[in-house]
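Chains as they are written, first to last, in this note's numbering: chain A, 1 to 531; chain B, 532 to 813; chain C, 814 to 1164.
Fair warning: there could be bad hints in the mix.
Computed, partial: chain C to chain A, Cβ under 7 Å [stated by the list, open to error]: (1) T844; (2) L845; (3) S1102; (4) N1115.
In the SDA-like style, the derived pairs of lysine to any residue whose C-alpha atoms are separated by at most 25 Å in a straight line are [to be verified]: (5) A/K275 to B/N775; (6) A/K275 to C/L973; (7) A/K280 to A/G55.
To be clear, the hints were calculated from the coordinates, so they are not data collected in a lab. Ideal Cβ placement from N, Cα and C applies to all residues, glycine included.
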Amino acid sequence: MRIRRQAVEGRWGQHWGQWGRQVAVLGAAAIALSGQATAQTKFDRSKTVIFANGGVVATLDPMRTDYAQTSFIASTLYDTLVTYDKGGKLVGQLAETFELASDAKSINVLLRPGVVFHDGSPVTAQDVAYTLDRLKRLGLGIASQIDGYDKTTVHDARKLTIRLARPDSLFLGALSKVYILEAKLVAANVGTDDAQGWLQTHDAGSGPYTFAGRRNADIVVSQFPGYWNKADGRPEQIVFRRIDEGATQRDELRAGNVDLAVLGMGYRDAALLDKEGRVKDARLKPELQTNIIFNTRTGPTADPRVRRAIRLAYDYQGGLSAIRQGNGVIASGPLPATMSCRPDLPAAHRDLAEARRLLAEAGVKNLQITMRFQPTVEVQRLEATLLQSNLAEIGVQLKLEPISFAAYLASVARFDSIPQMMLLDDFAQFPDPGSILLRGYRSDAVGTNRSGYANPKVDALLDAAKASSNPTQRCDLYKQVQTILDKDSVIMPLYTVGRPVTYRPQQIQTPEVSKVVFPLAPADLRLAKKS
Amino acid sequence: MNLTIARGAFRTAPPLFDTAVYAIVALMIAMAVVGPMLAPDSVYVSDIGNALMPPSAAHWFGTDDQGRDVMWRVIAGSRATLLSAMLIVTAYSLIGVLIATLATVGPRWLDETLMRMTDIGLALPGLVVALGFAAALGPSLQSAIVAKAITGWPVTARLLRGIMRQTMTAQFVVGAQAMGVSRWRLMTRHVLPNSLDILVVKWAGDIGAAVLVLAGMSFIGVGAQPPSAEWGAMIASAKGYVANAWWVVAAPGAAIALAAVGFGLLGDILQVRRDPSLRGRS
Amino acid sequence: MNALQSKWLPGGVFVARRLAVTALTLLGLVTLVFAMIKAIPGDEAQVAAGPEASPAQVELVRQRMGLDAPLVVQYGRFVGQVLHGDLGTSVSTLQPVLDDVLKVFPSTLELVIVTLLLSLLLAVPAAVAAATWRDSTFDRACRVGAVAAGGMPTFWLALLAQYVLASRWGLLPISGQQSLDFSVQVRTQMPVVDALLAGDLAAFVDALRHIVLPAFSLAAFFAAQFFRTLRASLIAILESDFIVPVRAKGASFARIMLRHALPNAIGPTVTLVGVLLGMMIGSSVLVESVFGRQGVGAYLSNAVEQKDTYAVLGAVLFVGAVVCVSNVLVDLLLLAVDPRVRAAQLHGSKR
């Protein structure tokens, strides 16, 4: 017995040395690498708002605010030059005054005085120039919205002129998504990737909140006392908790561990919670529309009669009430009902007889079409299945194919690989109809023109609008474009949907929709008044 | 052989559930064979106005989120589910047998190489392979089957190789070898038949596990697509209704549990029959 | 060489061989996953550039990320990087993959370790009792229980447990890894360990409370497997010849079980732990998703969805390395515990 134990120990001792060292190195590495900023601030639950958010927040770099998760958080840390108010009108944020030149080739901006970044440095025209130049250099994310940018001329600390390469009346609206970075701070941390890596975990902004660190999968931001736009009732801290499952979000909301559930909360769960009473649904109406994009170039959907037939087959009323819980209106045109400059078009409706007639006229029998959708979005799966059943009634066999985000982007990058039909929830980056129409329907907008639509008449109208600095004229041109798109059935809009936003009224006041941050701006939240 | 005096619940109980297990498995197989023929066409037609209705006389297990009868969908989907499970297990069992045979009979370097491949297979997260296949071939029941068949063989291969090697060193085999019988003949005449017994046992038990795996795959989004009534897809899409529409989850969940338990216990019973000395050894 | 060295040499050779084999396995793993991720449709450069980018912008990104080089070159470059400890840069977060993985992996590790302990805690005593009183009602009940526990989809069990125990009865937290009331310094990204290191007992208990339901949901399946294997080996040992002289000596039940039966029977179960460890890590994503925990599973599935090649490769490599290393540990454990294995492994076996 004794001899055996000794032999065992001898071998163990040898092994301990070898891999013990490996473990120690790994452990030290883990500890060193995870010594990030932590939430050490005092935690006052009554003055904190906790979000339940689905999806991963890849980065805090405001260049990537084309992704909803990043936009959500970055909007609390940064300011923009201009923004859209509740009524959809463009107002100044960092800019005190702003003006588009009559030739639509430049914008004069006067910055607001007395605004500082989180480290106390004043916001100057140089910071604006740096931000825009960086976007142009890198060409990623939100940079695609300002592709007409040329350079910025800095006159003094508060005055600057943004020069555009060609006339672009949409540029001002796009500035509502350009978050201004602190040039000095970012330049000091530029690294080898133009500070993209640094900005993933740091903030260089002037917004109402500062980044206070990550805790597990949670992100914490705390109030910036030196913010220029003083307001009462701002939460002192906002915590963004990552919860992917809708059921978990719902339960945490009920239990009071979470104050708001937005991205990831399902329609049915929201309706149920609202009925119970403790939690309310704000039923916000952002610029959100559920669309099915057709391939108008190749395949069976290239025939407008087929497209019109499919449009007439769907049970819009049933889908809206059962799947979206009545939260929305049936679509009437390619743009959401909440937008301006919309013509008067009839609402989508169901007419199976007419649909069958159109198919017969087009000479198609036993049609087989493939539709793609994102399986991670619950309502899309339900709507796709409903459409599948509806189309069977007019003799069309719809095959459903889930698609990953990456694969979808790749497929629309070239006109010859566009899916036959694609279901998605479309939301506008900012509420300018021109931007959506141009990017979506101009024949050379490869990558964003997801239906491959090519109509010279529409192109001409859009170009004229872009070059015009007269808002009324632009509006009229947009209306003409939408009428043509509807007649051609380029897309199949289902409904303009509301977005359920469930919150605890004991903790926060009713949230309001934001035209720029989907679907609400966390920085706009106010604590409930204690009575 | 008991070591102490046993009392009460610890006393030897009479074996009684063999018949029950056979009955369950038979029921499942019968459902898979005739079910889809009996089920009405309406199991694939959406009646969205009737979504999420609780159990009633018209719908014994209520309706799902598209208004379809849950009970009939379970019956209709039995074939897809069980057939897929059997395909998966059969495929990877065959691959496993092949690999194990080659490893045992072949030269040492072949054994080493195959075992390294098995290590790789074991270290590979099944999730990634399933997602990868789904992304490459498009998410569907077929890609799920292929993915699982390709990742399931390492465990079988390892198990069988161990048993084969053990058998090869058994007395009677060594004796035969001494008499000049070739390794290959040994394999086909003695080792393989012996190992196949165990394979059948594992096969039966694994079918239940495969049904579960399909459910897990549907949960992460790869697997059968609408309007398929495959049980895994049904239960994955019903995950949000555990609290407010329990019936949508109950029926497919019960079916999956019954299949997993039934086939699992069948594996037990087959093992006992194969070697009565193992009675009660599980 | 002297007698002492000759005693240690077989062991040393064994470990060295195993490590070399592990390295080879990892290389094979990398190659396989690289091939698979490149076969997936989708364009990494497109994802990096964003949904609104123009083709020209995408091309720029492609060149900058070295995605325009031929595949063989990309592969070679990657292997070279790994040998330097660099797992590449993630397309979506633009951070080194190693950093990203080290941020999420400890959480999974924490869950897996607790799950392992829990499943062994459930399985071992039950197996001992079931083997001792074989064919009793208790034994039958345990066996049916084991089959049933192995018969529920893990995520379903998780949802059910969460709804009943956490939401309705409020016994345990619904989701997350630590309540917001506790602010413990993040050192290892494992809330339980960090609380211990900080000496904060309340936070430690809180973190444990958050891990109970996820670990339990994940453990059910594996506990069932361990129970069945251990019970089978215990019965084989208890009925074998070599127990007879021990019992003839008049040894007590406890002594028989702990000194003779368990150490010899534990072999197959320990091997099973090694085999199922990869599966445990893979299944953790189902539970992490339901309980809102961060982990490598969610990281991996997001990376595959985004076609974030380096993130997928890095995470798979990391997990693969962990599984391989634990397999080596398992083999070593077996070596130490089971004398028959030791004899076969170290002193060679006749083919």
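Here is how each hint holds up against the structure:
1. T844: Status violated, d = 22 Å.
2. L845: Since the shortest Cβ distance to chain A is 20 Å, the answer is violated.
3. S1102: Because about 5 Å separates C/S1102 from the closest Cβ in chain A, which is inside the 7 Å limit, the hint holds.
4. N1115: This interface hint holds because 5 Å falls under the 7 Å limit.
5. A/K275 to B/N775: 13 Å, holds
6. A/K275 to C/L973: 23 Å, holds
7. A/K280 to A/G55: 23 Å, holds
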